[in-house]
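**Student:** Sequence:
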Amino acid sequence: MTGHSFKALADAEHPRPGRTARRRRLGLAVAGVLAATAVVNHQLARRAERRNPPVGQFIEVDGIRLHYLERGEGSPLVLLHGNGSMIQDFVSSGLVDLAARRHRVIVFDRPGYGHSPRPRGRVWSPQAQADLFQAALGRLGVSQAVILGHSWGASVALAMALNHPQMVRGLVLASGYYFPTARVDMALLSGPAVPLLGDVARHTVAPIASRLIWPLLMRKIFGPAPVPEKFRAFPEEMAVRPSQIRAEAAESALLIPSAAAMCKDYASLTMPVAIVAGAQDRLIDPAAQSQRLHQAIAQSSLHLVPGCGHMVHQTSPGAVMAAIDTVGARGV
914 MTGHSFKALA DAEHPRPGRT ARRRRLGLAV AGVLAATAVV NHQLARRAER
964 RNPPVGQFIE VDGIRLHYLE RGEGSPLVLL HGNGSMIQDF VSSGLVDLAA
1014 RRHRVIVFDR PGYGHSPRPR GRVWSPQAQA DLFQAALGRL GVSQAVILGH
1064 SWGASVALAM ALNHPQMVRG LVLASGYYFP TARVDMALLS GPAVPLLGDV
1114 ARHTVAPIAS RLIWPLLMRK IFGPAPVPEK FRAFPEEMAV RPSQIRAEAA
1164 ESALLIPSAA AMCKDYASLT MPVAIVAGAQ DRLIDPAAQS QRLHQAIAQS
1214 SLHLVPGCGH MVHQTSPGAV MAAIDTVGAR GV
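Under my numbering, the first residue of the sequence shown is numbered 914, with each subsequent residue one higher.
Please note that a few of the clues may not be correct.
[As the list claims (entries may be wrong)] Label-pair distances were calculated between CB atoms; the ranges are:
#1 ARG963 / LEU1130: 22 to 28 Å
#2 ASP1010 / GLU1149: 17 to 23 Å
#3 PHE1092 / THR933: 50 to 56 Å
#4 SER1214 / ALA1095: 26 to 32 Å
Hint data in this document are derived by calculation from the structure and do not stem from the laboratory. C-beta atoms are modelled at their ideal positions from N, C-alpha and C, and glycine is treated no differently.
Please work from the sequences and hints to get the whole structure.
**Tutor:** What follows is the structure, given as C-alpha cells:
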C-alpha cells in the first residue's frame, strides 16, 4: 500500500478537525434550511385554510370531525372524492348542482382532506372509511343511498357496498382502481407516509415539489381533455398542505393491497352498479380496471366516455349524471 493510500485510510478513520468542523457546519446549515422551510410551509397551510374556510357543516363520528356539504332534496346521493381531492372538486365540476335537482346530495371531505382531520394511530383503509361514513350517514338520518366514488373514493364506495350492503341502494364507480397491478408511481408517491423521514419530507420538500409538478399532474389526470376553466375554483393551496400530503401518500401506499383484498368479492354484490371512466384515462387503464370490473359484476353497466381522461366528472358531468340516473332507476 502506498503512502498516499495510508494517508487516505487514516483520514477516513480519523477525520481531521477542519474537515469535521466543515461537515458539522454543513449539517447545521441543512438543518436550518429544512427548519425554515417547515415554518414557511406551516404558515402557507394556515393561510390556505383561512382563505378557504369550510363550505359545509361538521358532524362528529367516532371522535372525528367530518366536514360535509349537503344540497337538494329527494333520494340520498353520497359523493366520495379521490386521492388528493376534496369537496370543491365535485362542486366545481357542476355535478353537485346537477344532482341536487333530484337528490339530497351529501359530499364529504374524506379523513385527511379539506377540513376533515385524519388522526394517526389508525390505518385509514377503504374498509375503515366505509365504517366511518356508514355511521355518519346514520347520524344524518340516511338509511340507504346511492354511493358515488371517484378514483380512490371508488374503493371506499365498494367497501361500503361489501361491508354495509343494506346502506347502499346502488353504486356509481368513476375512474376507479379495482384490481392489483404493478404501479411504480404509487410506490414513489408513498414516501411522505413513511414515519420520521416521511414526516420531514412532507413538512419541507414535498409541498414545494407538489407546487412545482401541479401543472404537469393536472395535464395528466385531465388529458386528453384540457383542464377546464371551472377547475380554477379548486383550492390547489389546500391540496399541498403537509397534512393532506400525508393522507395522499398513505392512500397511495394502500391502493394496491386494498384492491387485492376486495377484488375476490366483487361478484357477490347484488345492488345496481354503474361503472364510468374516461376512455382515454392516462392514470388508470380503463380496460384493465373498469372493463374488467364490468365483467366481474353481472348486473353492472359500463359507460366509457370518449375524449375524457381520469377526471371524467369534471369533463363530462352529464355522462356521470346519466349513470347516476341509471342506477337510481334500477334501484327503485
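**Student:** Would you say the C-beta atoms of SER1214 and ALA1095 sit inside 26 to 32 Å of each other?
**Tutor:** 29 Å Cβ-Cβ, so the 26 to 32 Å window holds.
**Student:** Are ASP1010 and GLU1149 spaced within 17 to 23 Å by their CB atoms?
**Tutor:** 22 Å, holds
**Student:** Should the hint that PHE1092 and THR933 are 50 to 56 Å apart at their CB atoms be regarded as holding?
**Tutor:** Distance hint for PHE1092, THR933 holds at roughly 54 Å.
**Student:** State, for the Cβ atoms of ARG963 and LEU1130, whether the hinted interval 22 to 28 Å holds or is violated.
**Tutor:** About 25 Å separates the Cβ atoms of ARG963 and LEU1130, which means 22 to 28 Å holds.
Hint compliance for this structure: no hint is broken.
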